[in-house]
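Participant: Chain residues, written in single-letter form:
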Amino acid sequence: MSGTAGGASMEVIRDALRLVIDPELGYNIVDLGLIYDVALTGDRVARITMTTTTRGCPATDYLQSGARDAALSVDGVGTAEVTLTYDPPWTPQMMTPEAKAHFGIVDE
Amino acid sequence: MLGATLSRWTLAYFGVGVFFLLAAEALMALGVGYPASALRAPQTLLLVHCVTVGWLSLLMCGALFQFVPVLVAGPLYSNVLPLPALLLILAGLLALLASFLQLAGLMPMIPHCFLAAGVLLGSGFALALWTLGRTLAAAWPLNLPARFVAIGLCSVAAAVTLGIIFTLGYGGYTRTLFLRELQARGLPLHIIAGLGGWLTFTAMGVSHRLLAMFMLSPELDGAPTRWTFRLGTLALAIVIIAGPVAIAAQGNPDLALLIAGLIGLACLALYARDVVQLYRKRVRRVIELNSRMAGIALAHLAAATLLTIVCAAFDLFGRHSGALVFLVCFGWLSGLGLAKLYKIVAFVTWLECYGPVLGKTPTPRVQDLVVESRAAKWFWLHFIAVDVATLCLLLGAPLIFRAAAAAMLLGSVGIALELVRTRRLVNVKAALRLPAGTRQPRLLFTFVAS
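Residue numbers (our numbering), protein chains in the order written: chain C, 140 to 247; chain Y, 616 to 1065.
Careful: at least some of the hints might be erroneous.
[Stated by the list, open to error] Computed beta-carbon distance windows for the label pairs:
id, chain 1, residue 1, chain 2, residue 2, range
1, Y, A838, C, P227, 22 to 28 Å
2, C, L223, Y, A753, 48 to 54 Å
3, C, A178, Y, A838, 38 to 44 Å
4, C, G243, Y, V891, 17 to 23 Å
5, Y, L870, C, L223, 49 to 55 Å
6, Y, P839, C, P227, 22 to 28 Å
7, Y, F1062, C, V184, 28 to 34 Å
[What the hints assert, rightly or not] In silico DSS-like pairs for lysine-lysine, Cα to Cα no more than 30 Å straight-line:
id, chain 1, residue 1, chain 2, residue 2
8, Y, K896, Y, K1044
9, Y, K975, C, K239
10, Y, K975, Y, K896
11, Y, K992, Y, K1044
12, Y, K896, C, K239
13, Y, K1044, C, K239
Rather than coming from a laboratory, the hints here were simulated on the basis of the structure. Think of the CB as a built atom: it goes at the ideal place given N, C-alpha and C, for glycine as much as any other residue.
With the sequences and hints as input, model every part of the structure.
Facilitator: Written out as structure tokens, the structure is:
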């Protein structure tokens, strides 16, 4: 696996994923900590591992396809594979400091 | 299967439900039914079934079609069957209301109207139960919130069965002594199975999950919550099974009701503990209007429980059972129902409209579909009017009760208009309202891609 392909890099893909919001929390899925991993292979394949705030969330399909579409919008990404996982389960402590501040969440 | 977790007909259930809520409140404001008429008068029965079947049961069915798949993390068994179920329940309810009007002498007699009501309502609820039951069965073994729903479904089956027996009795079809005894003495069983088992116990289970989801609270599945479930199930089993047996054996279910009542109180005390935990341990400090108003509804459940204890202690059920049922129906169940409706309509509308373009274009938040500050006043009007109306029933002030019912109607109209605005995307900024690839949602139908 490599970190860049064409114009794409994992950071650029992460930035693109910020277009996708969790509808309930109204905040982007990257800063909520819902994106567990972003990898980019030399053959322009972006592999994203993500979760949802709760298992069975009605928005799951949309969040997955939204992440795929956002990754595909990045130059240099030809294919995007999105894997859903609940291991480990998401907790609010996975949010970035900015997102925690937005929701008034105190660090544990 | 994109959008497979959206329920196609939930909004139709909500629309019909809200219509019956407004109709019931208008009837109360006009002085139809209790307290102007006796508790068992046909006018009161008409009013009660507008509220319990037309409003609360349709609201609960619609919500379950959307949220049982969330609870079990699996698809709804059928997105088609809810429509015929709704039509059958609606037709059965209209036949039932017509039957009560005939009993009251306000409508010419139509032969076999009660029979038609029983058959149609029974078929409609059976179809709804089949759809929800198969969805739950596919996810066996069930998690704790889903088990609450399963017991709620058993309770509605019992409530509807008793209701059908009553309609057969009113229609003059029952010859068996046991069925006639059930009709004479089984009303408390019908009410407890319906309001307690179907509506309250199911709402308790769903609220465990929804409150945790919406407030980012840790989900409760520890020993106290499991005991909440066990005690509630035991209390309902006593009412539903031992109650009819006691009527058959002794002609009187009072002992069974007393034992079930004591166990039910323990269940409610544990549920109160669960709810306090959910609110206290929430990560989201600033909570939305639906969670705040759900808290007020839960306080009304506590008030109704206290009123039950006082009535039992001082032998006042005969005098205040009308006020008690009113408080449960409007303070607790309608309060919680309206609060969750406000959230669910916005959430479902968001999923339907903006879910398909997520990741392609900037989208609004669910919160952008509503204006909470404007809706809050209608919720407060609802709760204050319910409290005044309950006091009027307890103190015997029927005229002020009618004024309070008119205020409830005003509150409900205000909330209903907010729901229409949400559905019409009126509150969303124009720049974000309908980006390319989206469509304006229909009022009573959810577009589900297949």
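Participant: Which of the numbered hints are not met once you compare them with the structure shown?
Facilitator: Numbers 2, 8, 10, in rising order.
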